[in-house]
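J.: Sequence:
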Amino acid sequence: MNKIFKIVLTNLIFLFAFGLLVEISLRTYLSLKHLKNPNINYWYKTWYRFHDPSYVEFDDKLNYSPKTIHIKNTDRPRWKKNSNITINKEKFRANDNDLTLKNNIKILTVGDSFTFGDQVSNNETWSSCLEKNTKIHVDNAGVSGYGTSQAVRRAKIESQKRSYDYLIWSIIFLDFNRDVIYKNLIIEDDNLKFNNFIKDNSSIVHSEEFLKDKMIYDYLREYSFAFYLFHREIVKKITNKFDRKFVIKPLYNTKDTKDIEITPTEHVDFLINNFKSINISKKFILLQYTDESNNTQDVIKKKNNKEVKKYKDILLEKAKNNNIIVLDSIELFSNMTDFEKRTLWLDHHTPKGNLLVCKFLLNSIKFN
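The sequence shown begins at 1 in the numbering used here and counts up by one.
Source of the hints: derived by calculation from the structure; they are not laboratory data.
Predicted model, so just to flag it, every value in this text is computed and none were measured.
Accuracy of the hints is not assured; some may be wrong.
As the list claims (entries may be wrong) - Under the rule of at most 27 Å between Cα atoms (straight-line distance), these lysine-lysine pairs were calculated in the DSS-like manner:
(1) LYS283 <-> LYS320
(2) LYS80 <-> LYS301
(3) LYS33 <-> LYS67
(4) LYS135 <-> LYS102
(5) LYS359 <-> LYS102
(6) LYS306 <-> LYS193
(7) LYS366 <-> LYS106
(8) LYS352 <-> LYS312
(9) LYS132 <-> LYS102
(10) LYS193 <-> LYS282
(11) LYS320 <-> LYS91
(12) LYS301 <-> LYS61
(13) LYS312 <-> LYS237
(14) LYS67 <-> LYS3
(15) LYS301 <-> LYS135
(16) LYS132 <-> LYS341
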């Protein structure tokens, strides 16, 4: 019995040592491979979490909207370490600026995760920077995953609740496609309209239920890049290949589940008309972009460029015809080296990237 125990113990020790060697070697290789990317760190947890606490809740007009929370030192994959995520009682991302603001002047910012400030702390978003430098109150109404229509609709909703002097609508060109995929828009009586949503409690799994099902394999994926990459590159691809019923769905059910077909011109027309109708005197459209460095894979670059070409010229023309100022941030990157570009993104803008966008807005808009 002692002999068998020793053999088993020896094999376990050998297996553990071999696994540790593989993990250290893999992390070293990945670190050297991405040495030119200053935002990547392979000596922490992997980019998998079994469950990320949600900071959104059901909304019958927007599908989902932020809920009041305060997450301190968040442990989210690829986020800046020890970032804080605070959403105040008005459902806006907190700016965490301790300063005296100008009375009776307000700025509303809307958009997707690039506006909300994914992967950075409250005081590192471009909205926070804008408030800090103008001393004007800024409400950050950006929400991760929003399509263009959700951003415009939220601007309409918030502008009816309180008075604003400035409105900045931030667009990532991939946001247009979200409107179609997630059925944010419907055609009713031959007219394009905002869709409404129905809450389906049966599809919601609570945090406690997630944690009950967490297995050893999930812990390994969270702490080992070997297991994380094995699952991402092999297991997930095999699963997706056989799961032919896989369909991208909205977070909550829609009242109209029919797919719609709209041209880019119809899409942009609808959005510009609704944006123009918002009762805020000074309105601006900010064009933002995903990673412009060579760090982005060619296939992803082609996909992003396809969306830009599909919508940009139409958007610029429609905005011009309606006297809406468009601020195009692409000019910020034209003279940068690739290394300089890499410091600005890690999926979303880094604190440095948000600071650059903030300075661009300060130079482009005259804030009273």
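J.: Confirm or reject each hint.
T.: Hints and how they fare:
Using a Cα cut-off of 27 Å, the hinted pair LYS283 and LYS320 holds, with the two alpha carbons roughly 13 Å apart. Among the hinted pairs, LYS80 with LYS301 is consistent with the structure: their alpha-carbon atoms are about 24 Å apart, no more than 27 Å. Taking the CA atoms of LYS33 and LYS67, the gap is near 39 Å; set against the 27 Å cutoff, the hint is violated. Among the hinted pairs, LYS135 with LYS102 is consistent with the structure: their alpha-carbon atoms are about 6 Å apart, no more than 27 Å.
Restraint check: the Cα-Cα separation between LYS359 and LYS102 comes to about 19 Å, which is no more than 27 Å; the hinted pair holds. For the given pair, LYS306 sits about 25 Å from LYS193 by alpha-carbon distance, which is consistent with the 27 Å threshold. Our distance criterion of 27 Å between C-alpha atoms is met by LYS366 and LYS106, whose separation comes to about 14 Å. For the suggested pair LYS352 and LYS312, the alpha carbons sit about 26 Å apart, so the restraint of at most 27 Å is met.
Among the hinted pairs, LYS132 with LYS102 is consistent with the structure: their alpha-carbon atoms are about 11 Å apart, no more than 27 Å. With a C-alpha separation of about 25 Å, the suggested pair LYS193 and LYS282 falls inside the 27 Å cut-off, and the hint holds. In summary, the hint linking LYS320 to LYS91 is not supported, as the alpha carbons are separated by about 32 Å, beyond the 27 Å threshold. For the given pair, LYS301 sits about 32 Å from LYS61 by alpha-carbon distance, which is inconsistent with the 27 Å threshold.
Under the criterion of a C-alpha separation no larger than 27 Å, the hint pairing LYS312 with LYS237 is inconsistent with the structure, at around 33 Å. Proximity of LYS67 to LYS3 is assessed by CA-CA distance (about 59 Å); at most 27 Å being required, the pair is judged violated. Under the criterion of a C-alpha separation no larger than 27 Å, the hint pairing LYS301 with LYS135 is inconsistent with the structure, at around 37 Å. About 25 Å separates the Cα atoms of LYS132 and LYS341, which keeps this hinted pair within 27 Å; it holds.
The structure shown violates the earlier hints numbered 3, 11, 12, 13, 14 and 15.
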